[in-house]
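Now for the letters of each chain:
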Amino acid sequence: MVMTIARKELREMLRDGRFRALAVTVFALSVVSFAAGWKHYTDVERQHLQAQEATRAQWLNQPAKNPHSAAHYGMYAFKPKSRLSLVDTGVDPYVGVAAWLEAHKQNEFRYRPAQDRTAIQRFGELTAAEGFLVILPLFIVLMSFATFAGEREQGTLRQLLGLGVARRDLVTGKAFGVAAALALVVVPATLVGVATLAFTSEFSGLRDDMPRAVLVAIVYLTFFATCVAICLGVSAWARTSRAALVVLLAFWFVNSLIVTRAAADLAAWLRPTPSAIEFQRGLERDLAAPEEMRLRLERRRQELMRQYNVQTMDAVPINFSGISLQEGEERANDVFDAHYGRLFETHEAQNRTLQWAGLAAPMIPVRSLSMALAGTDFAHHRDFVKAAESYRRGIQRVLNDDIARNSKPGVAYVAGPALWAKVPEFAYTLPSAGWALRQTAPSLLLLVAWCVASVWFASRATRRLAAD
Amino acid sequence: MLEAIRLTKRYDDVTALSSLDLTVRPGEVFCLLGANGAGKTTTINLFLNFVAPTSGSAKINGIDVTSQPLETKKYLAYIPETVMLYKSLTGLENLEYFAALAGRPDYTRAQLLDFLTQVGLEREAADKRVGTYSKGMRQKVGIAIALAKNAKALLLDEPTSGLDPKAANEFSALLAQLSADGVAVLMATHDLFRAKESGTRVGIMKQGRLVRTLETTEVGHGDLERIYLEHMHD
Numbered sequence: 123m124v125m126t127i128a129r130k131e132l133r134e135m136l137r138d139g140r141f142r143a144l145a146v147t148v149f150a151l152s153v154v155s156f157a158a159g160w161k162h163y164t165d166v167e168r169q170h171l172q173a174q175e176a177t178r179a180q181w182l183n184q185p186a187k188n189p190h191s192a193a194h195y196g197m198y199a200f201k202p203k204s205r206l207s208l209v210d211t212g213v214d215p216y217v218g219v220a221a222w223l224e225a226h227k228q229n230e231f232r233y234r235p236a237q238d239r240t241a242i243q244r245f246g247e248l249t250a251a252e253g254f255l256v257i258l259p260l261f262i263v264l265m266s267f268a269t270f271a272g273e274r275e276q277g278t279l280r281q282l283l284g285l286g287v288a289r290r291d292l293v294t295g296k297a298f299g300v301a302a303a304l305a306l307v308v309v310p311a312t313l314v315g316v317a318t319l320a321f322t323s324e325f326s327g328l329r330d331d332m333p334r335a336v337l338v339a340i341v342y343l344t345f346f347a348t349c350v351a352i353c354l355g356v357s358a359w360a361r362t363s364r365a366a367l368v369v370l371l372a373f374w375f376v377n378s379l380i381v382t383r384a385a386a387d388l389a390a391w392l393r394p395t396p397s398a399i400e401f402q403r404g405l406e407r408d409l410a411a412p413e414e415m416r417l418r419l420e421r422r423r424q425e426l427m428r429q430y431n432v433q434t435m436d437a438v439p440i441n442f443s444g445i446s447l448q449e450g451e452e453r454a455n456d457v458f459d460a461h462y463g464r465l466f467e468t469h470e471a472q473n474r475t476l477q478w479a480g481l482a483a484p485m486i487p488v489r490s491l492s493m494a495l496a497g498t499d500f501a502h503h504r505d506f507v508k509a510a511e512s513y514r515r516g517i518q519r520v521l522n523d524d525i526a527r528n529s530k531p532g533v534a535y536v537a538g539p540a541l542w543a544k545v546p547e548f549a550y551t552l553p554s555a556g557w558a559l560r561q562t563a564p565s566l567l568l569l570v571a572w573c574v575a576s577v578w579f580a581s582r583a584t585r586r587l588a589a590d
Numbered sequence: 272m273l274e275a276i277r278l279t280k281r282y283d284d285v286t287a288l289s290s291l292d293l294t295v296r297p298g299e300v301f302c303l304l305g306a307n308g309a310g311k312t313t314t315i316n317l318f319l320n321f322v323a324p325t326s327g328s329a330k331i332n333g334i335d336v337t338s339q340p341l342e343t344k345k346y347l348a349y350i351p352e353t354v355m356l357y358k359s360l361t362g363l364e365n366l367e368y369f370a371a372l373a374g375r376p377d378y379t380r381a382q383l384l385d386f387l388t389q390v391g392l393e394r395e396a397a398d399k400r401v402g403t404y405s406k407g408m409r410q411k412v413g414i415a416i417a418l419a420k421n422a423k424a425l426l427l428d429e430p431t432s433g434l435d436p437k438a439a440n441e442f443s444a445l446l447a448q449l450s451a452d453g454v455a456v457l458m459a460t461h462d463l464f465r466a467k468e469s470g471t472r473v474g475i476m477k478q479g480r481l482v483r484t485l486e487t488t489e490v491g492h493g494d495l496e497r498i499y500l501e502h503m504h505d
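From first to last, the protein sequence lines stand for chains A and B.
Residue numbering for the first sequence is 123 to 590, as defined by our numbering.
Residue numbering for the second sequence is 272 to 505, as defined by our numbering.
A portion of the hints provided could be inaccurate.
[As the list claims (entries may be wrong)] List time: in silico SDA-like cross-link candidates among lysine to any residue, alpha-carbon distance up to 20 Å:
1) K358(B) - A128(A)
2) K358(B) - R137(A)
3) K399(B) - G139(A)
Hints are computed from structural coordinates only; laboratory data are not their basis.
Throw the hints in and build the complete structure from the sequences for me.
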């Protein structure tokens with residue numbers, strides 16, 4: 123029974139020229155978005171690799187010089203692009219992809235593609251995620267708004283109910299019919315995506331990406347199921363297909379355009395982000411604390427004299443200027459941790475507000491989950507910032523340690539490539555899929571809640587489906 | 272087969288159907304006559320359980336339609352004033368779909384074509400999309416659906432309105448055949464001539480009440496019209 127209904131729904135859609143045109147358009151958009159994502163990914167990945175190699179080579183090829191000069195010479199750390207970022211670029215264009223690592227300073231990230239954009243591009247680039255989140259729900263609305271309301275207007279619903287078709291079978295069959303039509307569009311598009319993914323990675327890379335890729339697919343399928351259930355429910359509940367279309371288009375508009383923007387504004391209003399200048403001033407104010415620094419160094423001197431069991435600093439067998447530099451780093455690190463910690467906490471508080479806006483729009487949890495699984499959400503950004511910063515601190519420790527051990531006060535000291543090579547190459551691996559999901563657990567909950575609620579709504583609306 | 276027991280339907284303060292007692296036995300063709308708003312369609316909707324009765328009950332094959340709506344529909348076929356079909360499907364595909372949903376998914380193409388031939392649809396039309404059909408052709412597909420369902424009771428809501436005389440005549444012949452096969456038929460109609468021709472009994476309804484029931488064999492065409500008009504006047 124259910125399959126008969128599904129088959130008939132699909133057959134009707136396939137014979138409808140509007141459906142065919144729509145399907146071809148959506149498929150073409152998907153292919154274009156995957157192609158654009160693939161091109162972007164490979165370009166950026168190549169540039170990153172080259173830049174990473176160049177910055178490493180520059181570091182290693184420094185001539186003999188004082189280690190502290192090398193610390194100021196600095197280097198770049200590049201955030202590796204996850205392969206799934208070709209599906210969802212997430213916050214990457216806004217938070218930047220490269221950090222300049224140097225002595226004394228934790229720098230903000232540079233190279234934010236969004237900075238170089240024109241106003242028209244602010245509406246977002248065409249990524250596969252954008253297509254799945256915005257265009258496909260519209261496609262589902264256009265495909266299914268008339269499922270029940272249209273049959274009621276035509277009078278066929280009256281006959282179906284007169285035949286003794288169970289409403290449950292009717293709604294299930296229609297849901298499968300819409301799902302099959304959707305699959306005709308989504309499955310080829312997904313195959314194109316998987317092929318693109320395979321094309322951009324060796325086999326081992328593809329295997330590593332699999333858990334995340336499968337989870338992304340499940341998240342989007344759940345989202346589509348939610349959309350179909352909402353559409354069928356509204357179509358059963360509305361008196362006319364025109365009313366169903368208006369309600370569904372309004373829902374689509376609010377879901378994909380209004381809630382995200384309103385929630386972002388609300389989040390920024392509840393927890394305002396400091397301006398770049400304010401942030402910089404605050405940092406500088408706390409960094410400049412000569413008295414505290416003096417006390418700190420005095421304490422270190424006492425510790426060292428006790429440690430080496432001597433009476434004067436001259437008798438300590440290491441160079442205090444290296445210790446002093448490292449002390450300066452450590453103190454600054456505390457300040458950076460506090461300030462960046464607060465800044466990131468603000469961003470995360472904003473993200474939490476945004477996440478709970480998912481109560482009003484199912485698209486929001488899906489977007490969070492999609493970014494998280496693509497490795498391009500804020501949690502991943504923060505994780506990378508932490509890795510880059512701890513790498514920077516490691517560099518400073520190696521160099522300052524060398525000054526303390528090997529240089530003599532008042533004697534010019536230079537170190538060579540052997541020391542530069544002691545600094546390991548920067549390596550960053552993406553956290554696991556499980557970690558990514560844990561970071562965005564409320565979204566997972568919200569998505570499941572939306573799916574369950576929409577199925578409940580659809581079954582309720584069809585249970586009291588009126589013949590006319 | 273079809274049974275109404277003190278069946279009543281009120282909408283706010285309007286009584287659409289008042290305490291209807293009616294039994295249609297297998298092989299009987301009962302024609303409900305009356306002006307628009309007399310309660311004919313309400314009666315049919317009550318048997319279909321499309322509206323819930325205010326009081327009383329409607330039974331099909333002895334089973335109450337409100338408590339077991341799906342069970343009672345197994346015995347029932349319904350043909351509306353205008354049979355509505357899926358325009359992008361062919362007549363045969365429509366028949367196949369409706370028959371499957373009526374619980375008969377097992378018919379072969381030949382059997383389905385046979386139903387369409389029985390109701391007088393041209394062979395070439397069967398594989399054409401319904402969008403191109405005339406009203407008469409759609410009514411024929413509607414009857415074919417009822418035949419395919421092999422129903423014990425048939426509800427007809429002004430099925431011949433808008434049909435040309437030849438098509439209406441063919442329709443009456445089909446009805447006679449169904450009645451001979453033991454199907455109980457309840458038909459709402461405005462057509463006194465058709466009611467006298469194909470009905471075994473006629474009932475005259477007025478303002479929600481069944482005011483007169485007649486055996487068609489007892490009255491001539493002229494008598495029926497006179498009695499009907501008498502009731503409409505007072």
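Now for the hints, and whether the structure bears them out:
1. Between K358(B) and A128(A) the alpha-carbon distance is near 17 Å, which keeps this suggested pair within the 20 Å criterion.
2. Annotation: proposed proximity of K358(B) to R137(A) holds, straight-line Cα distance about 10 Å (limit 20 Å).
3. Our distance criterion of 20 Å between C-alpha atoms is met by K399(B) and G139(A), whose separation comes to about 18 Å.
Going down the numbered hints, you'll see the structure goes against none, and every one checks out.
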